[in-house]
Amino acid sequence: MKTDKMPVVIVLLFFSWLIAISGVGLFTWNLFIFRFNDINLYGLLILLGSLFLAAIVRMFANIGQMIFDLKANNLKANDLKANTEKLVKIACSLDKTGQDIREIKDFFEKIENRLDLKK
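What the sequence shown shows, in this note's numbering, is residues 1 to 119, in sequence order.
Just to be clear, a hint being listed does not mean it is correct.
Simulated restraints, written as ranges between beta carbons of each label pair [to be verified]:
1) Met59 / Val24: 15 to 25 Å
2) Asn83 / Arg114: 39 to 49 Å
3) Val11 / Asn73: 20 to 30 Å
4) Ser22 / Met59: 10 to 20 Å
5) Met66 / Leu45: 30 to 40 Å
6) Met6 / Lys81: 24 to 34 Å
7) Leu44 / Phe14: 18 to 28 Å
FYI, nobody ran anything at the bench for these hints, they're computed from the structure. Treat the numbers as computed from the prediction; the structure is a model and nothing was measured. For every residue, glycine included, the Cβ atom is placed at its ideal position computed from N, Cα and C.
Please model the entire structure based on the sequences and the hints provided.
Pasting the structure below:
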């Protein structure tokens with residue numbers, strides 16, 4: 001069963017992509033400013049930092065979704081446990097009702113036999 005993503009997770013995933021694309025854009029813009037003369041350490045640090053930040057944001061989004069899914073599955077398991085307990089109680093009640101019906105049937109058979117004997 002597929003569960004939908006939480007709105008917070010969707011927003012965090014959007015921002016992680018936005019951060020990553022912004023980092024690549026800043027790196028590219030920085031390369032054009034320095035006209036590809038040498039390796040630009042500042043631009044590389046911006047790129048790596050933005051990708052690292054995007055990965056952290058995405059990690060938090062995934063952790064949030066996992067916690068949400070675990071809670072949903074736990075609630076389903078608790079509902080299943082409660083329903084199972086109710087079914088066990090119903091089965092016990094049905095057994096007790098069956099025994100009571102047999103006792104009533106035996107009681108009426110005894111009354112019928114006594115009435116037949118008196119005739």
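For each hint, the structure was consulted:
Here the CB-CB span from Met59 to Val24 is close to 19 Å, well matched to the stated 15 to 25 Å. A hinted range of 39 to 49 Å holds for the C-beta pair Asn83 and Arg114, which are about 46 Å apart. A hinted range of 20 to 30 Å for the beta carbons of Val11 and Asn73 is consistent with their spacing of about 23 Å. Taking 10 to 20 Å as the suggested C-beta distance range, the pair Ser22 and Met59 conforms, at roughly 18 Å.
Evaluation of the 30 to 40 Å hint for Met66 and Leu45 yields a pass: the beta carbon distance comes to about 31 Å. Against the hinted window of 24 to 34 Å, the Cβ-Cβ separation of Met6 and Lys81 comes to about 25 Å, which satisfies the hint. Between Leu44 and Phe14 the CB atoms are about 25 Å apart, so this pair conforms to the stated range of 18 to 28 Å.
The structure shown violates none of the earlier numbered hints.
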